[in-house]
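Undergrad: Sequence:
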Amino acid sequence: MPSYTNEERYQDGRYDLMGDEERKFIEEGGAGWVLDTEGDVLLILRIRAEVHQKMKKRQALCEYYQRKKERFDALPEDKKEIIRENHRWAQRSYHEWKRAELAKKLREARLQKKAQSKEHLKEGQ
9 MPSYTNEERY QDGRYDLMGD EERKFIEEGG AGWVLDTEGD VLLILRIRAE VHQKMKKRQA
69 LCEYYQRKKE RFDALPEDKK EIIRENHRWA QRSYHEWKRA ELAKKLREAR LQKKAQSKEH
129 LKEGQ
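Note that the working numbering has the sequence shown beginning at 9, numbered continuously upward.
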């Protein structure tokens, strides 16, 4: 089975159709569905509307990150290096904090397990 890009899926599914054109396309089986009831048509219309919204959001995000990348690329090299260093510092700090949090949880879990095992020994005697 061939793999499709999102753009190909969009064009194959005819997500550009709206309203009555879309309903007619679906009712004629253009979406690959065999429809039994009006409820099926409404369900497909709702699903397609959700997909259309997701694709619009995805497109907006792609454009946003593209603009951010273009702005970053336009900066002088010394400013880029400062930004990269700040990012590395933030990543390192976060990982150190996360590691400390996990170690703390592990210590607490071990202490709790040890306390429970001592209680079981006392109950057994």
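One or more hints might be untrue.
Computed Cβ-Cβ distance ranges for the label pairs, DEER-style [said to hold, decoys possible]:
(1) 112 to 84: 49 to 59 Å
(2) 51 to 103: 40 to 50 Å
(3) 50 to 123: 53 to 63 Å
(4) 130 to 98: 44 to 54 Å
(5) 116 to 48: 32 to 42 Å
(6) 105 to 71: 44 to 54 Å
(7) 57 to 95: 31 to 41 Å
(8) 75 to 119: 31 to 41 Å
(9) 122 to 53: 54 to 64 Å
(10) 47 to 87: 49 to 59 Å
(11) 72 to 113: 52 to 62 Å
(12) 76 to 106: 39 to 49 Å
Note that these hints are calculated values from the structure, not bench results. Backbone N, C-alpha and C fix where the C-beta goes; we use that ideal spot for every residue, glycine too.
Undergrad: Among the hints numbered above, which are violated by the structure, and what are their numbers in rising order?
TA: Of the numbered hints given earlier, those the structure breaks are 1, 5, 6, 8, 11, 12, listed in rising order.
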